[in-house]
Amino acid sequence: MGLIVSENLQKDYQAGEVTVRALKGVSFNIEPASFVSFVGPSGSGKTTLLNLIGCLDKPTGGSLKIGEADVSALDRKQGASFRGKNIGFIFQDFNLMPVLTVYENIEYPLLMVQEVPVKEREKRILNLLQAVGMLEQKDKYPDQISGGQKQRVAVARALVTNPMLVLADEPTANLDHSTAYRVIELMKKMRDEFKTTFIFSTHDQKIVGEAEIIYTLEDGELTGKQVKGGGKNA
Amino acid sequence: MRNLFKIAIRNLLRYKRRTLLTASLITIGVIFVLVFISISGSFKNMMVGQITDSMLGHLQIHKRGYVASIDNLPLNLNLKPNAMKKVEGVLQTIPEIESFSPRIKFGGLFSNFTETTNIRLNGVLPEKEFKTVPLMPSRITAGKKTLQPGEILIPDLLSKGMGVKPGDTVVVVATNQDGSVNGKQFIISGVLEGVTGPGGRDGYIHLNDAVEVLRMEEVEISEVAIRLKDFGKLEKVNAEISNLLSGEVTKQGKPAFEVHTWEKLSPFYNIATMIDLMTFFIKLMLIAVVLISIMNVMIMSVYERVREIGTIAAIGTLPGKILSMFVVEGFCLGLIGIITGNIFGMAIVFILKLAKITFAFGRQEGLILIPTVNVGDLLVISAIVIAVSVIASLQPAYKASRMEPIKALRSV
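Just so you know, the protein sequences line up as chains A and B, in that order.
Residues in the first sequence are numbered from 0 upward in steps of one, following numbering that gives the first Met the number 0.
Residues in the second sequence are numbered from 0 upward in steps of one, following numbering that gives the first Met the number 0.
Everything labelled a hint here was simulated from the structure, so no lab data went into it.
Predicted model, so just to flag it, every value in this text is computed and none were measured.
Hints may be right or wrong, so weigh each one.
Result set (DSS-like, lysine-lysine): computed pairs, CA atoms no more than 27 Å apart in a straight line [what the hints assert, rightly or not]: (1) A:K76 <-> B:K406; (2) B:K398 <-> A:K84; (3) B:K235 <-> B:K130; (4) B:K5 <-> A:K118; (5) A:K137 <-> B:K320; (6) B:K232 <-> B:K263; (7) B:K398 <-> B:K5; (8) B:K143 <-> B:K164.
Residues of chain A clear of chain B, computed beta-carbon distances all greater than 12 Å [to be verified]: (9) S26; (10) G78; (11) T178.
Ideal Cβ positions, reconstructed from N, Cα and C, are used throughout, including at glycine.
Using the sequences and the hints, build the whole thing.
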């Protein structure tokens with residue numbers, strides 16, 4: 000049994016009179032601690048799929064299970080609660096809170112979502128700051144650090160709640176190549192260290208090569224799956 | 000909760016200029032309300048104090064029907080000795096009463112031997128009267144601050160109009176209950192400053208002289224003025240006296256006495272009510288200022304932070320917590336406004352107090368305004384601002400909490 004099991008997943012959008020089918024029956028199975036990438040051109044359905052996996056949206060048809068939970072049946076509050084406990088997010092624009100320091104940004108989910116005791120909080124945050132190499136910058140605000148550093152903080156924030164899954168939608172889109180590689184390397188390292196499943200979407204062919212399992216999406220359909228040497232589904 | 004406040008304060012500091020402008024608006028509103036309340040309240044309290052402590056007393060007891068005819072100063076509606084004895088008996092049992100003063104009120108003619116004019120007179124026992132209306136001696140602007148039998152205190156208008164001064168001899172002529180006329184010579188002991196309100200231009204003679212002028216066979220009292228130890232217990236004592244006297248009925252089975260607070264006897268009460276009404280409307284304006292300014296800021300705040308809201312919602316922040324974040328932000332904005340408003344408002348009130356601004360009210364001139372703000376007003380205004388700030392934040396906060404993370408994250 001995989002960590003994420005999708006069967007015939009469909010998603011339709013209504014654009015005025017027209018129904019747009021963004022996902023046309025997508026099925027896949029992702030094992031725990033995988034490093035997976037969904038690739039495809041713009042409009043292929045990558046973000047839609049990630050939104051469904053992230054419980055940010057509901058499928059029109061098919062089923063989607065994460066762990067034991069059928070996430071397609073969760074309501075708004077249950078969805079928020081499930082995300083808070085099980086899923087970490089890394090965004091293309093980093094999405095750090097500008098009024099919080101690096102330390103406080105990472106602390107935010109532990110304070111406002113999980114309410115973790117102070118000592119445990121401190122331990123986890125310092126561990127992650129050390130792991131992502133941002134310990135020295137912990138008291139800086141987001142506007143005082145670079146894009147790459149922001150994404151490192153975002154990685155730490157996504158991992159601080161010990162989620163079973165981290166979703167990253169185009170995490171390197173706003174970074175230069177060398178920084179993008181370093182962020183992907185960092186994500187891989189975190190996967191190895193914390194055994195967290197990482198799923199990211201990208202259309203950058205050079206970054207795609209870093210994934211261990213690559214699903215190709217075209218026009219709302221899965222058209223290919225490539226498993227590289229270290230991949231769990233190899 | 001501490002973290003909600005920390006985030007709220009930092010978000011407010013993030014838009015410093017906007018926060019400063021909104022907080023300033025609330026501050027100015029609070030200052031205006033505080034200054035208005037302090038000035039109008041002080042004016043009201045001073046005038047109530049002047050009226051009650053110079054003439055009326057806090058409460059008055061009359062024979063039933065007297066107040067309806069009070070302008071005629073009827074002599075046939077006086078309290079007979081038996082009735083007066085009952086009234087005294089009741090008043091002596093109430094510990095909240097500081098003093099009371101029986102008065103005989105009548106109208107007469109005042110003559111300086113060359114000219115004659117009308118005068119309204121009060122026959123009083125000076126010790127009791129001065130204790131019941133303690134500001135009365137301070138109204139004596141010329142002559143002695145006492146009143147002996149055979150002496151008269153006259154209003155300054157009369158003194159000027161008739162060209163008489165303390166030490167002069169005058170004659171008072173009055174018609175008694177039977178219709179016969181009697182006169183008596185008096186020596187002017189002092190001149191009374193006029194006060195706006197009922198009885199503000201009355202003259203005073205000794206009670207025994209009033210009995211003599213009116214040829215009363217027994218002492219009949221027109222009214223009993225009462226002073227309380229604590230003005231705040233006015234309604235309670237009024238109810239208690241009314242209750243204790245309610246057993247006394249006329250032959251027709253109607254109450255023998257009527258008890259009135261100063262409010263029913265002075266037209267100034269209507270002005271006081273108007274002042275209260277204006278204060279209420281000023282508070283309404285403050286509510287409007289706070290409501291609109293905070294709502295405007297919070298709507299802007301939500302509008303500008305849609306992506307942030309999407310992010311925190313995506314990472315699992317529950318809708319209730321998102322709502323709290325924005326409500327706390329509005330609360331903090333109101334709190335900043337109320338703290339600075341209270342500080343500056345109190346400072347301005349203090350400066351006004353030091354400035355000793357004088358004003359005239361009716362014939363009274365040189366009244367010194369002593370504005371003060373009581374803690375109750377301060378707490379009420381603070382509570383209004385805080386409550387309105389929270390209410391104003393609720394709608395934008397609710398909107399933020401209901402945002403779909405997926406749509407919010409797409410926002411640019």
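Against the structure, the hints:
no.	hint	result
1	A:K76 <-> B:K406	holds (16 Å)
2	B:K398 <-> A:K84	holds (24 Å)
3	B:K235 <-> B:K130	holds (21 Å)
4	B:K5 <-> A:K118	holds (19 Å)
5	A:K137 <-> B:K320	holds (25 Å)
6	B:K232 <-> B:K263	holds (16 Å)
7	B:K398 <-> B:K5	holds (22 Å)
8	B:K143 <-> B:K164	holds (11 Å)
9	S26	holds (22 Å)
10	G78	violated (9 Å)
11	T178	holds (21 Å)
In this structure, the one hint that does not hold is number 10.
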